[in-house]
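S.K.: Turn these sequences into a full structure, and let the hints steer you where they fit.
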Amino acid sequence: MSNFLTKNPPIPKIIGTKHADIKYTERHAIRVITLNEANQIALIHAEKDDYYKLPGGGIEGTEEHTAAAAREVREETGATISIRSTVGCIAVTEEYRNDLHQFSYAYIADVLDASGEADLTAEEQADGLSHPEWLSAGDALAKMRAVQPRSELGLFIQERDVYLLGEAIRVLEI
1 MSNFLTKNPP IPKIIGTKHA DIKYTERHAI RVITLNEANQ IALIHAEKDD
51 YYKLPGGGIE GTEEHTAAAA REVREETGAT ISIRSTVGCI AVTEEYRNDL
101 HQFSYAYIAD VLDASGEADL TAEEQADGLS HPEWLSAGDA LAKMRAVQPR
151 SELGLFIQER DVYLLGEAIR VLEI
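Here the sequence shown stands for residues 1 to 174, numbered as in UniProt numbering.
Treat the hints as calculated values from the structure; they're not laboratory data. Please note: incorrect hints may appear among the correct ones.
[What the hints assert, rightly or not] Here are the simulated distance ranges between beta carbons: (1) N98 to T121: 17 to 23 Å; (2) E123 to E63: 15 to 21 Å; (3) D139 to E47: 17 to 23 Å; (4) Q148 to E64: 34 to 40 Å; (5) I174 to H19: 37 to 43 Å; (6) A20 to S85: 37 to 43 Å; (7) D113 to K23: 38 to 44 Å; (8) S85 to I22: 34 to 40 Å; (9) D113 to V147: 28 to 34 Å; (10) K48 to E26: 22 to 28 Å; (11) G138 to L100: 28 to 34 Å.
[To be verified] In silico BS3-like links for lysine-lysine, alpha-carbon gap of 27 Å or less: (12) K13 to K143; (13) K23 to K13; (14) K23 to K143.
Glycine residues also receive a C-beta, built at the ideal position from the N, C-alpha and C atoms.
M.R.: So, in structure tokens, the structure goes:
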């Protein structure tokens, strides 16, 4: 797996339950706490199932974490970013959902340019992903907690991203 920007990645928070009788497909993904000049965090609303998510998605092949983070943020928000390499990977989740076993690695990044346009996949468009909302850390966390997702996927994403954002707030002391 590609670099973590840290020699000792955090111990993963387990979400879901591993079942011995299920053959899981393993997936590795990036989640990015993306901060603009006003120190606001990018949140994306998935209208179809009514949940909020952090920018991020799957790591492709042997892609480095930093490259995956930059690509995913650009695709979902249109912004170009710089990962805070001095902070490294701030949190990891290990998720079991249906036949998926996913590791999500969270990083903090600063926006360099927010003038680009999002380039959402057909699946993301079908989920009703919105342009990012830029919110203070506290408001972003409150908004993520307040929704009641209408799907199992939405509930998993809510638990994962509330945890990851909480860890970012702890690390950033904001």
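S.K.: Work down the list of hints and note, for each, if the structure agrees.
M.R.: Now the hints, each set against the structure:
no.	hint	verdict
1	N98 to T121: 17 to 23 Å	holds (20 Å)
2	E123 to E63: 15 to 21 Å	holds (19 Å)
3	D139 to E47: 17 to 23 Å	holds (19 Å)
4	Q148 to E64: 34 to 40 Å	holds (36 Å)
5	I174 to H19: 37 to 43 Å	holds (38 Å)
6	A20 to S85: 37 to 43 Å	holds (39 Å)
7	D113 to K23: 38 to 44 Å	holds (43 Å)
8	S85 to I22: 34 to 40 Å	holds (37 Å)
9	D113 to V147: 28 to 34 Å	holds (29 Å)
10	K48 to E26: 22 to 28 Å	holds (26 Å)
11	G138 to L100: 28 to 34 Å	holds (31 Å)
12	K13 to K143	holds (22 Å)
13	K23 to K13	holds (21 Å)
14	K23 to K143	violated (35 Å)
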